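Visitor: Sequence:
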Amino acid sequence: MDDNIAIEVKNVYKNFKLSHEKADSVKSLFVNPFNSKRTKVETQHALKKISFAVEKGEFFGIVGRNGSGKSTLLKIIAGIYQPNKGSVDTNGRLVPFIELGVGFNPELTGRENVYLNGALLGFSEKEVDKKYKSIVCFAELEDFMDQKLKNYSSGMQVRLSFSVATVLAESDILLIDEVLAVGDADFQRKCFEYFKKLKKDKKTVIFVSHDMSAIREYCDRAVLIENNEIIFSGSAEDVAQEYTKLFVENIDIETNLDVDKKQTKENNSLTKWGSGGLDISNMYISKKSYSSDDNFIVFSYDITKEGEFSDKINPGFIIKNEQGQSVCGTNTNISLKNQTITINNGKINIKWTIPNIFSHGIYWLDVAVLSASNGDTLQWWNEAGSFKVVNKKNTPYPVSPIVKIDIS
0 MDDNIAIEVK NVYKNFKLSH EKADSVKSLF VNPFNSKRTK VETQHALKKI
50 SFAVEKGEFF GIVGRNGSGK STLLKIIAGI YQPNKGSVDT NGRLVPFIEL
100 GVGFNPELTG RENVYLNGAL LGFSEKEVDK KYKSIVCFAE LEDFMDQKLK
150 NYSSGMQVRL SFSVATVLAE SDILLIDEVL AVGDADFQRK CFEYFKKLKK
200 DKKTVIFVSH DMSAIREYCD RAVLIENNEI IFSGSAEDVA QEYTKLFVEN
250 IDIETNLDVD KKQTKENNSL TKWGSGGLDI SNMYISKKSY SSDDNFIVFS
300 YDITKEGEFS DKINPGFIIK NEQGQSVCGT NTNISLKNQT ITINNGKINI
350 KWTIPNIFSH GIYWLDVAVL SASNGDTLQW WNEAGSFKVV NKKNTPYPVS
400 PIVKIDIS
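Numbering follows numbering that gives the first Met the number 0, with no gaps: position 212 of the sequence shown is 211.
Errors might be hidden in some of the hints.
[Unchecked claim] Pairs of lysine to aspartate or glutamate residues, derived as DMTMM-like cross-links and limited to a Cα-Cα distance of at most 25 angstroms, are as follows: (1) Lys74 <-> Glu41; (2) Lys189 <-> Glu111; (3) Lys47 <-> Asp219; (4) Lys201 <-> Asp365; (5) Lys271 <-> Asp171; (6) Lys199 <-> Glu7; (7) Lys149 <-> Glu139; (8) Lys350 <-> Asp278; (9) Lys387 <-> Asp301.
[To be verified] With beta-carbon atoms standing in for the labels, derived distance ranges: (10) Lys9 <-> Thr352: 52 to 62 angstroms; (11) Lys403 <-> Asp171: 56 to 66 angstroms; (12) Lys287 <-> Ile401: 17 to 27 angstroms; (13) Lys9 <-> Ser291: 44 to 54 angstroms; (14) Ser232 <-> Ile401: 37 to 47 angstroms; (15) Lys132 <-> Lys287: 25 to 35 angstroms; (16) Asp145 <-> Gln324: 42 to 52 angstroms.
For the record, the hints were derived by calculation from the structure and aren't laboratory data.
The model shown is predicted, which means the values in this text are computed figures rather than measured ones.
The beta-carbon is built from N, C-alpha and C at its ideal position, and this holds for glycine as well.
Please model the entire structure based on the sequences and the hints provided.
Guide: Here you go:
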């Protein structure tokens, strides 16, 4: 392998064997009633014909819808899975950030879990000693380290596990799978700053994400996986555009005659993440395509609480253009001037009506619910829906503000 290459993936295939019990015919039930079922083995093709090389110091993206094989590929590169065919060669020490929190023990304290997880990552107790303070400061959990992990919120647990992996990751190659989706907005900013540092330090990074704005900002090159094989490779910008086309080609809007709305189908390829306690569903958009004559964009979604959730909430949204740039957004805390919302009867529906100030193009909706008490992201639904704006009076800017002009 060339000395300038950090990772080389050559013609990788990965299959999984799935066993199913299948009942025999009715006749066999009478002939042999004690052996009426047989096992059927099905082969699932997770990856096929995967080849690419990542240069040293390169930030490399892997993009694809859920089920396309991205995470399986990352686990093969990390050595967790072995390919059925092909090979992966690495040149340098590799640290995977794949499943944050794996190996953490809820019965141990935060402090004890830091050392446990450090050991699992291959670091000695002395090495963890030197970096313990930095880990705790990054996670912002100074007052909680002697409490048992089971008493942490989901957001706190993920912050701690991400911080352990981040601070200890003195490696040549990092594998990162959707770890930006952790904690509240302030902690996410820390994650982005960490990414900038990795790029500045010329670390070799393979980054799996559904967030095209992050792919565009950080990655030098990327590949797009669909149906378990690479269908496109190139610059981060080109791959992000191809990924967006996959969704545009599959936009499927259904008419709901009772409420005169149109509903975007929920799809497994859409991403939800957060600390939990509730679920966002039933994303509605009033039209598939808006014209410049439509004064408003209207959409709504349900928020259903799960279990004993009782926190006050702060729902919101962000609208992004085809380039993944956020062009506008708000939440109820801003728009309702600090008015808090509670889910009293198990479920609420929130409807947004916003002025149609958008330039010509396709727009994506990210919707979210934050905790009103501490700002934690309870659930974020990435690219929950999309709509098109056909505006003959096109401008070079994403939005056209509503203005009043006085000339004197």
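Visitor: Now, for every hint given, state plainly whether the structure supports it.
Guide: Against the structure, the hints come out as follows:
1. Lys74 <-> Glu41: holds (22 angstroms)
2. Lys189 <-> Glu111: Given that 25 angstroms is the threshold and the Cα spacing comes to 24 angstroms, the pair holds.
3. Lys47 <-> Asp219: holds (24 angstroms)
4. Lys201 <-> Asp365: violated (31 angstroms)
5. Lys271 <-> Asp171: violated (31 angstroms)
6. Lys199 <-> Glu7: Measuring from Cα to Cα gives roughly 23 angstroms; hence the hint holds.
7. Lys149 <-> Glu139: holds (17 angstroms)
8. Lys350 <-> Asp278: holds (16 angstroms)
9. Lys387 <-> Asp301: Holds, because 22 angstroms separates the two Cα atoms, which is no more than 25 angstroms.
10. Lys9 <-> Thr352: 52 to 62 angstroms: holds (53 angstroms)
11. Lys403 <-> Asp171: 56 to 66 angstroms: Given a distance of about 57 angstroms, which is inside 56 to 66 angstroms, the answer is holds.
12. Lys287 <-> Ile401: 17 to 27 angstroms: holds (24 angstroms)
13. Lys9 <-> Ser291: 44 to 54 angstroms: Given range 44 to 54 angstroms: holds, Cβ gap about 52 angstroms.
14. Ser232 <-> Ile401: 37 to 47 angstroms: holds (42 angstroms)
15. Lys132 <-> Lys287: 25 to 35 angstroms: Given range 25 to 35 angstroms: violated, Cβ gap about 53 angstroms.
16. Asp145 <-> Gln324: 42 to 52 angstroms: holds (43 angstroms)
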